[in-house]
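Participant: Below, each chain spelled out in residue letters.
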Amino acid sequence: MHYFFSSLILLFCLYPSTGIAGESKGIEIYAASSVGEVAKFANPKGSNYVGASSRLATQILSGAHPDIFISADKFWALEVAKANPRYAISKIASNRLVVATLKNMFPHEICDLKIGASLKEVPSGHYADIGATVLGCASPSSRAPNAGILREWLKAKVVDAAYLYETDVIADEALKSVHIFDETQVEISFYALPLSIAGNTWLGSQGLSNALENAGFGKKGLLKKAPIAPGSTKDVRYKNEEIDVLGIVLSSLLIGLIVVCMAFFPAIFFGFFLARVRTRWTILVSLIVLSPLVVPPVVTGLALLKIFGPDHFLSPLIHVFGSPAFTWFGAVLASFIVSLPLFIVMSRRAFEAVDPHFENLGRSCGKSKFFVFRKITLPLAFPGIVAGGMLCFARSVGEFGATAVFAGNLAAEGGTISLAIYRSLQTPGGEEAVWILSLFSLLLSAFSIAGYEYFAQQQRAFFGDNP
Amino acid sequence: MKAQRLHALFSVTQGGQFFSYDIDSSGDILVLLGPSGSGKSTFLKGLLGTIKVSGFIKSSQIWMSTKEAIFLPLEKRPLAWVPQLRFLFPHLSVLDNIRFGLEKESAKERLDELVAAFEIEHLLEKNVNSISGGEGQRVAIARALLAICQFTEGGFLLLDEPYASLDEELEQKISGLVLDWCLQRGIKTVFSVHQSDRIGDFSRLSDVKIDAYKLVQKGKGLKTERLAFPSSLKGV
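If you read the sequences in order, they're chains A and B. Under my numbering, the first residue of the first sequence is numbered 3, with each subsequent residue one higher. Under my numbering, the first residue of the second sequence is numbered 83, with each subsequent residue one higher.
Among the hints, a few may not be true.
Each computed DSBU-like pair below joins lysine-lysine, with the alpha-carbon atoms no more than 35 Å apart [unchecked claim]: (1) K371(A) with K140(B); (2) K190(B) with K377(A); (3) K371(A) with K208(B); (4) K377(A) with K134(B); (5) K371(A) with K190(B); (6) K76(A) with K105(A); (7) K377(A) with K208(B).
Only part of the chain B face toward chain A is listed, based on derived beta-carbon distances under 8 Å [claimed, not checked]: (8) L130; (9) T132; (10) W163; (11) R168; (12) F171; (13) H173; (14) G183; (15) Q232.
These are computed hints drawn from the structure, not numbers from a lab. A virtual CB, placed ideally from N, CA and C, is assigned to each residue, including glycine.
Model the full structure from these sequences, guided by the hints.
Facilitator: Below, the structure written as structure tokens:
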């Protein structure tokens with residue numbers, strides 16, 4: 003524990019003097035949620051992606067390329083190291099497992115409490131099982147997807163207590179530790195792995211090693227030498243207020259706008275095709291373009307990862323242009339794929355609302371099909387298409403599943419609002435950002451639905467009192 | 083200028099009903115009579131090519147022939163059409179509706195002439211949803227007359243219950259205008275009406291050849307039957 007906080011301070015002090023990460027551009031660190039704050043201190047100018055070690059490791063194995071990976075679990079650190087044999091893992095810090103409750107609780111017998119834990123796949127959930135054995139309690143049955151959500155459960159009194167990291171508890175004013183496991187009972191260590199994959203070669207492997215070492219994530223365990231600094235926990239907590247709500251909102255809006263622009267012509271093309279063309283291919287086209295609407299978004303994200311991932315048929319192209327996976331454009335692409343079918347369905351509906359009678363009438367004036375499409379069909383369907391665009395916009399701004407898998411947790415560059423809310427939920431002190439972002443997403447949804455209704459009404463008005 | 087011959091021999095099943103048409107008209111006007119649901123609109127749809135029929139339709143060229151596997155798309159057929167209902171494009175102004183079939187400004191004079199004759203100048207800038215049914219029908223007829231002008235060999239004007247929304251006085255006037263316009267230019271007018279008096283004023287048409295057909299129930303379907311004109315039209 004002591005080591006952990008001392009590392010925090012040390013890193014903070016050391017960072018500016020390292021200079022390795024460059025003056026204008028920081029390095030990219032993927033860090034386990036529980037050391038996310040340390041990474042931020044060490045790398046304030048760079049990108050710090052914070053999440054469950056297992057998820058981050060999976061992203062790296064799927065082609066993400068941070069400069070440093072810090073895992074809360076040796077297993078995942080080794081898995082990543084296996085794929086990147088040039089670099090060795092280093093044990094950099096340790097934490098302690100605790101049983102936490104709300105501040106105002108004074109339990110007598112811990113095992114009588116309903117104790118929640120993270121899922122077993124998450125390192126803290128794995129440690130919780132060891133902790134339960136040490137205490138002689140039953141294995142926890144209430145399992146949250148991650149520690150952030152587990153803390154929310156605790157506050158909502160879904161569970162009486164929870165197995166958490168000590169750092170999480172100290173960083174959260176509402177919680178306290180009622181039992182602290184000895185480090186010999188439950189050993190929790192953090193491992194760092196410097197990586198240098200395509201795109202980050204400017205650092206060089208030696209540079210990375212130096213950066214790690216100098217930043218305190220070194221083999222020598224600099225943190226061991228440093229004393230605990232009073233007030234350090236406070237720094238941890240306030241650091242979270244730097245969640246850039248405005249940046250996330252703007253990034254979301256931009257993603258929504260780009261997706262609508264990208265989807266506009268395909269929506270018109272496929273919408274018209276599905277509304278008017280009746281061939282044996284219609285069902286096949288429908289199946290291909292509309293499937294992301296019903297396929298779980300997570301599966302869509304996985305499919306994208308497969309298509310744009312390493313060792314695939316697109317890899318020569320990706321070698322030249324770079325993979326969109328785990329980038330901001332990746333978020334746009336994932337949102338696009340998931341939102342396009344909704345746009346197509348709405349556009350198809352808009353075209354179907356236009357009676358072919360009007361097209362025949364136009365053609366009976368000697369005008370070509372294309373002319374009639376431009377002057378009759380499209381203008382009559384247009385308000386309905388715009389209404390579809392509004393829904394597409396709302397869908398893309400709120401996209402989560404596919405984006406989370408394909409674009410990962412875009413902390414620094416901003417992702418969709420949903421990603422940011424999810425990330426904030428996992429971050430101690432992120433509640434305020436969660437509420438602001440949730441409110442904003444509600445407003446945005448209301449705006450989109452209102453726009454949809456307005457334009458849908460506009461189209462209906464065309465056919466209202468026509469003599 | 084003499085109107086073209088129209089020879090249509092085709093059959094079609096629509097809404098569970100079998101229709102068979104055998105029409106050979108070389109006159110200036112073709113009238114198809116019959117009560118509602120007797121297949122008048124279906125005949126016009128066959129001429130337009132918007133329903134699938136078997137047989138053939140030809141004027142100076144073949145419009146469609148099942149045997150020869152020929153199908154002329156609607157926009158290539160030498161016709162203009164005034165449907166029974168929903169005859170205007172709802173998103174265009176009255177003026178844009180009228181000039182929809184025009185090639186640029188080449189027929190500006192004709193447009194002005196028609197607009198004046200049909201007394202619709204005051205409607206030109208209006209939204210089509212704000213004009214009456216009768217006004218709309220005049221606009222639609224004007225549009226069809228202008229659109230048909232682009233055919234050098236007369237062409238065919240298809241009128242589906244054309245004067246249903248007009249009062250008697252206006253009907254006489256508009257039908258007279260339409261007939262004059264078409265007769266001058268060799269345009270064959272194809273009427274579908276349920277009563278002969280909805281065609282217009284025939285009293286002055288003694289020198290005009292009119293072919294009249296009636297749809298009658300025969301066997302399991304409806305078939306066309308040629309009527310002698312004008313005596314047979316009276317009292318239909």
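Participant: All the hints need checking, so say for each whether the structure fits it.
Facilitator: How the hints compare with the structure:
Between K371(A) and K140(B), the direct Cα distance comes to roughly 22 Å. Compliance with the 35 Å bound is thereby established for this hinted pair. Restraint check for K190(B) and K377(A): satisfied, since their Cα atoms lie roughly 20 Å apart, inside the 35 Å limit. Among the hinted pairs, K371(A) with K208(B) is consistent with the structure: their alpha-carbon atoms are about 27 Å apart, no more than 35 Å. Taking the CA atoms of K377(A) and K134(B), the gap is near 26 Å; set against the 35 Å cutoff, the hint holds.
Taking the CA atoms of K371(A) and K190(B), the gap is about 24 Å. The hint holds against a cut of 35 Å. A C-alpha spacing of about 32 Å is found between K76(A) and K105(A), which places the hinted pair at or below 35 Å, so the restraint holds. In summary, the hint linking K377(A) to K208(B) is supported, as the alpha carbons are separated by about 18 Å, within the 35 Å threshold. With 8 Å as the threshold, the beta carbon of L130(B) comes within range of chain A, its nearest partner Cβ sitting at about 6 Å, so the hint holds.
At a threshold of 8 Å, the smallest CB-CB gap from T132(B) to chain A is about 5 Å, leaving the interface hint in force. A cut of 8 Å between beta carbons decides the hint on W163(B): the least distance to chain A is about 4 Å, and the hint holds. Given hint, R168(B) at the interface with chain A, holds; its Cβ is 6 Å from that chain's nearest Cβ, closer than 8 Å. The interface hint given for F171(B) holds, since its Cβ lies 6 Å from the closest Cβ of chain A, which is under the 8 Å cut-off.
A cut of 8 Å between beta carbons decides the hint on H173(B): the least distance to chain A is about 5 Å, and the hint holds. Nearest Cβ of chain A to the Cβ of G183(B): about 3 Å, under the 8 Å cut. The hint holds. Annotation: Q232(B) was flagged as interfacial toward chain A, and the flag holds, the nearest CB pair being 6 Å apart, inside 8 Å.
The structure fails none of the hints (numbered hints given earlier).
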